[in-house]
Structure formats: C-alpha cells, structure tokens
Amino acid sequence: QQQVKQSPQSLIVQKGGISIINCAYENTAFDYFPWYQQFPGKGPALLIAIRPDVSEKKEGRFTISFNKSAKQFSLHIMDSQPGDSATYFCAASKKKEGYSTLTFGKGTMLLVSP
Amino acid sequence: EAQVTQNPRYLITVTGKKLTVTCSQNMNHEYMSWYRQDPGLGLRQIYYSMNVEVTDKGDVPEGYKVSRKEKRNFPLILESPSPNQTSLYFCASQTLGGSKYEQYFGPGTRLTVT
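Chains as they are written, first to last, in our numbering: chain L, 1275 to 1388; chain A, 2 to 115.
Warning: the hint list may mix true and false statements.
What follows is a list of derived Cβ distance ranges for each label pair [claimed, not checked]:
id, chain 1, residue 1, chain 2, residue 2, range
1, A, 3, L, 1330, 28 to 34 Å
2, A, 29, L, 1343, 38 to 44 Å
3, A, 40, L, 1296, 19 to 25 Å
4, L, 1305, A, 68, 27 to 33 Å
Note that these hints are calculated values from the structure, not bench results. As the structure is a prediction and not an experimental result, all values here were calculated from the model. No residue lacks a Cβ here, since even glycine has one placed at the ideal position from N, Cα and C.
With the hints as extra help, turn the sequences into a complete structure.
Structure follows, in structure tokens:
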C-alpha cells in the first residue's frame, strides 16, 4: 500500500519556467509534509515543509501548496534554474510515541534545461 | 560541523560475504534510521532506532540486521548479502521531541552484490 503517491516521475523544464510536482496521501493522521531535495551523489536534504493548518508556505522560489480536503500537496519552483536539477521527494510524517515516521513518495527527477 | 557519516561510500562484494556499513552522527540525536533507495521505488526504511539498545523493523527489514550500542553509531549488517540487496543505502538521524521533524541524511553507500 503506497501511502504517498508522487507525480510525475521525471520532469524537464526550461530555465525560468515553473516546475510543479504533486503528491497525494491517504492517511489523515499525517501532520507534517516535508519536501526533500537530493543532488546526485548526495543524501536527501530538507528543502521546505508545511503543516496541515496552513494552505501555502513560501521560501524564496519554492512554494508548497496544501489542500487538506483533497489530501494533496504540491511543490512549485518558480523561475527554475539549472542548479535546481535534482531529485525531489515529498514525504508525510506523523508523530508516534514521541518521534516521527517519514513516509516518502517515489521521487521526481527534475531537469532544468539552460 | 553537524553531520552524518557513512563508510564505506562504495562497496562491491560477493554473495554470502558478510559486510557492515557504519553510520555515525555527531548531533546527539536519539533517532537513527537506515533507508535503501532504488530506481522507481524511492526511499524505503529498513530499520530504525529510537535510542541505545532500542531498534525496530521498517518496511523492508529482511536480510538486514542493526545494532545500537552507542548513541552516535548505528551500523547496518548484511550477514549473507544477495544480489537483490544491490542498492544505494542512506543513514539518517533526527532529534526526538519538539516540533521539528527534520531528518539529516548521510552521503550514501552504494553497494553492489555480485
């Protein structure tokens, strides 16, 4: 059972364009929705995160949009740059006995062409 | 510098030859976890540990062992590796409690089992 579904698997965007990656979840117990960014040869690193009590969070060119009723959230990268080329993972987390469990989507490989 | 380190970074071995991948963190985190990353499957959790001497299975624990004798170290043990364990492995750590659920990932270990 895949608890977090991510699409698309891969994405090519021209420099300056908008990259959009979508995720959907099933478990309403999730209470934290992070996005991780992974460059080739590196481990994933937290990019931006949102809690379900807000509908949008923006940090620089990166924005998470969150739709609680639809159980969907998305990452928007404005003015995409070649340096944004990476694999992006959405995740969902729920607190359990004092710690959080992270459930990851399958990832999206983003290529921003110059 | 706060970091998670893994060794070795690359390993080629043969079926059945026991191996250990080490993981160490210098952030005094209680929670540590191992993931494997495979194309099209994303990040899947193998084992996790909430503290010293406390470990539990993740989603794909078969064929793996872990131990947590010290807070900073969380080695992954493959007692009899098989080719289907060829993968990219990541260790991660996280502080417990509070509202921040960020996991810090190591640089990864690429394992090939022939």
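Hint check results:
1. A/3 <-> L/1330: 28 to 34 Å: Holds, since residue 3 of chain A and residue 1330 of chain L (Cβ atoms, about 30 Å apart) stay within the stated range.
2. A/29 <-> L/1343: 38 to 44 Å: Since residue 29 of chain A and residue 1343 of chain L have Cβ atoms about 40 Å apart, the given range 38 to 44 Å holds.
3. A/40 <-> L/1296: 19 to 25 Å: Since the Cβ atoms of residue 40 of chain A and residue 1296 of chain L sit about 20 Å apart, the hinted range of 19 to 25 Å holds.
4. L/1305 <-> A/68: 27 to 33 Å: Between residue 1305 of chain L and residue 68 of chain A, where Cβ atoms are some 31 Å apart, the hint holds.
In terms of the numbered hints stated before, the structure departs from none.
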